[in-house]
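K.L.:
Starting from the known structure of chain A, arrange chains B, C and D with the ligands on it as the hints suggest.
Sequence lines, in order, name chains A, B, C and D.
Start counting the first sequence at 1; every next residue gets the next number (this note's numbering).
Start counting the second sequence at 351; every next residue gets the next number (this note's numbering).
Start counting the third sequence at 701; every next residue gets the next number (this note's numbering).
Start counting the fourth sequence at 1079; every next residue gets the next number (this note's numbering).
Take every hint as true, because none was put in to throw you off.
Only some residues are given here: those of chain D computed to face chain B with a beta carbon under 10 Å:
| no. | residue |
| --- | --- |
| 1 | P1225 |
| 2 | S1238 |
| 3 | R1267 |
| 4 | Q1271 |
| 5 | H1450 |
Covered by chain D, per the in silico footprint, the following chain A stretches (three or more residues, Cβ under 8 Å):
| no. | stretch |
| --- | --- |
| 6 | 45–54 |
| 7 | 71–81 |
| 8 | 140–148 |
Calculated directly from the structure, the hints in this document are not laboratory data.
Backbone N, C-alpha and C define an ideal beta-carbon position, used for all residues, glycine too.
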Amino acid sequence: MVETLERTTDAKPMNGVADGGDSTNMTFIEAINTTLRDEMRADERVVILGEDVGPRGGVFRVTAGLIEEFGEDRVIDTPLAESGIIGTAIGMAINGLRPIAEIQFMDFIHSALDQILNEAARLRYRSNNDFSCPMVIRVPFGGGVHGALYHSQSIEAMFVHTPGIKVVAPATPADARGLLHSAIHDGDPVLFLEHKKMYRSIKGEVPAGDYEAPLGKARIVQEGADVTVVTYGMMVHESQRAIGEVAKETGASIELIDLRSLKPLDTETILNSVKKTGKAVVVTEANGLCSVASEVAATIGEQAFAWLDGPVTRVAAPDVPAMPFSPPLEHAFMIDAEKIGVALRKLLDF
Amino acid sequence: MVETLERTTDAKPMNGVADGGDSTNMTFIEAINTTLRDEMRADERVVILGEDVGPRGGVFRVTAGLIEEFGEDRVIDTPLAESGIIGTAIGMAINGLRPIAEIQFMDFIHSALDQILNEAARLRYRSNNDFSCPMVIRVPFGGGVHGALYHSQSIEAMFVHTPGIKVVAPATPADARGLLHSAIHDGDPVLFLEHKKMYRSIKGEVPAGDYEAPLGKARIVQEGADVTVVTYGMMVHESQRAIGEVAKETGASIELIDLRSLKPLDTETILNSVKKTGKAVVVTEANGLCSVASEVAATIGEQAFAWLDGPVTRVAAPDVPAMPFSPPLEHAFMIDAEKIGVALRKLLDF
Amino acid sequence: MATETTGAADKAVQRAFAGKTTTENGSSSIHLPLEHVDVGGGALSATVAPPSEGDAGLDHDTLREMYEYVALARALDERMWQLNRAGKAAFIVSGQGHEGAQVGAAFALERGKDFLLPYYRDLAFSLAFGLTAENVMMAALARADDPTSGGRQMPGHYGSRKFNIISGSSPVSTQVPHATGTAYAAKVRGTGQVSITCFGEGGASKGDVHEACNFAGIHKLPVIFFCENNRYAISVPIERQMAIDNVADRAVGYGFPGVIVDGTDVLAVYQVVKDAADRARRGEGPTLVEAKLYRFQPHTSDDDDRAYRDPEEVKAWRDHDPLLRFAQRLLDVGAVDEDSLAGIKDKVRSDVDAATDVAEAAPLPDSATFDHHVYAAQ
Amino acid sequence: MATETTGAADKAVQRAFAGKTTTENGSSSIHLPLEHVDVGGGALSATVAPPSEGDAGLDHDTLREMYEYVALARALDERMWQLNRAGKAAFIVSGQGHEGAQVGAAFALERGKDFLLPYYRDLAFSLAFGLTAENVMMAALARADDPTSGGRQMPGHYGSRKFNIISGSSPVSTQVPHATGTAYAAKVRGTGQVSITCFGEGGASKGDVHEACNFAGIHKLPVIFFCENNRYAISVPIERQMAIDNVADRAVGYGFPGVIVDGTDVLAVYQVVKDAADRARRGEGPTLVEAKLYRFQPHTSDDDDRAYRDPEEVKAWRDHDPLLRFAQRLLDVGAVDEDSLAGIKDKVRSDVDAATDVAEAAPLPDSATFDHHVYAAQ
Ligand SMILES: Cc1ncc(C[n+]2csc(CCOP(=O)(O)OP(=O)(O)O)c2C)c(N)n1
Ligand SMILES: Cc1ncc(C[n+]2csc(CCOP(=O)(O)OP(=O)(O)O)c2C)c(N)n1
Ligand SMILES: [Mg+2]
Ligand SMILES: [Mg+2]
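Excised from the complex, chain A in its bound form:
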């Protein structure tokens, strides 16, 4: 009964296509910054708006250097007003621009939810396809950076829940470039999630030229036979760590899926994997109730029931209002390789 959304999936090859052969090693934040620059060079309709995105280059410096190259008309330091930022971006999109709005932290996106969920996401449908709202909303999210309750949140589930908006969360610099490209070229609003802890800690090869990672396609990070781990964002890296340890310790063969796109969700890749391994651990650092982990777990339980050899296990943050500031409390809250490892071992033993 729950739509799988497959029809919105781009028919592009799975792990991104580069046109032009070169690649460069860069950080996650560099990948985003250079992609923004390249897209703005390629299409003058692309504009950026948000708080401190101008001379400051963003509080994380994701937009560094852009106002110098593209000017104040295309890189707009807005007033401190998130609903206004998104509402204005919607009007821009309607009148021929391709706005990329930055919300400074996901914790501050709440006051813009009306404009995002009721307006941007529903404009195409309510107008019977007469209007559309091609725009990207870039949002740093996630925890583990001593951000406390209001600089650590991961509330992507609310967007996945709502029809009409797509949601992506790259875990590598290459996917950051590829998915950002696809998001900017998509016909609908796309929420582009940037894990703030990854900005400078994650590096990787990024293809040069026009590189696309299709929206709606998961990435198989590593193949395995005994259990599948499904996750996204920073938890891809924590899961990799956990898998390394558990594999070494138990000899288990573990498959890891990086969802990349939370909506559309690549149900096919998930189900194929679980049908092969018979077991799944679904990991999110967000609060667990009604989360993306709940959705993936429910989907597996519903569509791969006959193949399951153990309970689909969720590893998710507890029902606590995001991590506290103090390190021991933050650590207790935050999902990490250790907690993922516990769940993996338990499921392998089932």
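P.N.:
Structure of chains B, C and D with the ligands alone, referenced to chain A:
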């Protein structure tokens, strides 16, 4: 890993306790209206605020007669500003009142999500228990009344996802009274969902006097052995209809659980039932992705795996922006007895 | 009939308000229509537009065309109520009383080029921007070929890419920042387009209006914020909506002019909006225009306004009906005589009849299409 | 050093602004401090408060006490920066430059009775309301016994039921409607309490401020909206934040007075807030007070302000340091001499040292408590 929230559950007997023996047959809306009146009589700290709640008595007339009895200071017609309504109510709660805020339709609650989810829900935690925010937010929700995209929404999953707020959705006049009483007396913010289609179409016996239905306890509507249906709100009634037909047709014995409280979720009652029947259909009229149905299904899959004889099946609205206005489109979107029946038959045949 | 309440009367509502009688405890009041325009007794930072005179420099053809839109909107509105009462239209939201201001504003703009971001009362505005009577009836009856939303939106939620009418939602005032955005795009793209967005005085209380006006002021955007102040937000009277008398008095807080105009004086509104559009096109930025007017009908077909306003008040305002005032003006300036006026009425009536017939005969949407257009087609 | 940009300079930022030099293309500017207060060249609906004179009617003990809070806040702030640079405090938000206005405002209120709804720069305000240096250091180092949040909030998010300081969040301006609510409760419960809530000129752009002011105006609530206008929201200068010069000019849109005051003049702020509190207690409703001041440090310890403001500008404002100005005033009126001033400084330093020692030695929270107090205990 996902907290079950059991520790927040009141230790009250299961289906509500009345003190005083009488009961009256009344509609859902009458149950809410009279309970509001009784609570305001009993405690002068209780105030009501919202749009049109005064002389108009609310657009649905849930607050009819209250301003006449309790005056303008306690029944406040607010400006048209949902974030302001909730923000003001939070301040009222902090300074000793017991506000009951009405949001006219759940479709209009989005602009108040910052105040609800970041403020009301997180005040106790962030202040390490120094402050709290006892308040009730009453919200008509749900579809099937030709309300189109913006007078039909059911976005309760967003609230269930967020720590610090409780969510209830009564399906009977008695539970409306009992849960509203409990919500007003609770120490934390409670979202009180009123299915607008039930206001005048659902009648039932309502105990007089101080009647409580504890937050966090589901209600077993009818017992059965072959399959469990878990749902809430109006879908309790649609499920009852579906069960009637399917049972007659197949002779199956079907258990029906009305969650009543979406958060805390009564995992114990759900699991006990599924461990008995081995099969579950979870029904919500909300969009399915990351929904309460996803959460319940994932929980069953995780904690009752060994007892399952078939896939936990969700019946939920598709990824479409709430129902369109035109009747054939509305009908195609809306979950009803027929769609529930299809899922039930399929699962019984598994 | 405002309900008597036992609560302490809030002194805040008792301030002097010209033209309003206040009862002893201040909680019951009647809003009387005023000759020219009521701006209250408080501080005034907005400008008050003068009443219009004569033909306002418009030729007679244009005046007649304007009148026809006012009359068509009224007739369509009345017909929709009939269809609602007959059980044929599930829901109606009425613009009666607002038509004059809307048509005056529309004619001050470059239709086909400028953007309209309407709210649900803007039937007359939408007609003047290009929607036909038939389009409107198709929407009212939620037919498959309703060009405004394919029967998906509730009636009153007009939209049309063809006519630059941006499809709006029901949550009030969300369209206001969209207008800031369309104006920003017009400015940087150099299209010369003006955007106008409409909202009620209730809607003016929403944070979005503040955020949108502030942004537009900073960038001196070509946008007109058009407040149709009818003194009620459903049942909530203006005294409970704001402590001031004029929404336009807020413009000073955003660095652009506020203008108050008698919204039942079609040509006065025309002139004010024309000035605002000229300003916008000259790059001088936004204007907040507040049209003072009245809604003659209940909020919607689901409302009963007797719970919150005195029928005497409604009656008093009906004497200032923009339709009647405008007809009289056309007679005064010689743009029509009684015969040609009757001719227009006949034409309007037959338009409405034809539109109703077509819409009633038109098919409902195919249920299989209910999940189309959530996302772009691949 | 404002970055040179290639984009077309927005004419909106070029309006006359007394005391600001504007470069050729209008996009780079320097905000100079002004003798008395800079209200720009635009329309002014707010009142401009006069500079304070002499002791403003306060006795010398009180003046010294006020000075001690200003000095203590400054010293604590400086110590926190040191701890941050030493890797002992993960994050610091600085109130340097704001202390005078905060202490002036605090002393105009009935501490212990009135409500403070602060924002993250209100260290001095919170101290004057009752928090101790030790409390603040426990919060800065996120210790278990931090009475403001038990180490849960980022530093700068002060709260205390004991002292009527309402715990705030990080999303800006969300506290503003809370103040409307505490004031409403105070009014109907007849407690005589005034609520004051603080926010920056950036925060003033949020819809919540509009909604809260509007509600408070309607009900004439005992609340003071206190804007600490330091001309930047992180990097965004006031010209990109609003098209007007004074946030207080918006008060007229809500039916209550706006007052602009030199926020580096402690006693001028004291007098303005005293008047506002008196008004509030007399039932005459809210006041919007705008204190013009400057932030001496980067936004937080994570910020580098050289990307967006000229060090010359910072230097110029440092000559108007409220700490130095207030010390001079105390000398002028004879409330202190150089010796007693040095004595206060010593006391403050040893308070800060002691607080640091206690906090550094105090234990971190027990990780097992991380999920306590999500809901009320059963
Ligand atoms: C955000 C939001 N809250 C509440 C409503 C319900 N509602 C619809 S119209 C209306 C009153 C609007 O009043 P006003 O803005 O003055 O416009 P008018 O209807 O008087 O023309 C209300 C409360 C809504 N549509 N959106
Ligand atoms: C809703 C929201 N958006 C963005 C931020 C990030 N942020 C924190 S402080 C700040 C600037 C605030 O400026 P202002 O209100 O002028 O206060 P100041 O810091 O200058 O005292 C911003 C953008 C936030 N905390 N909340
Ligand atoms: Mg109105
Ligand atoms: Mg500032």
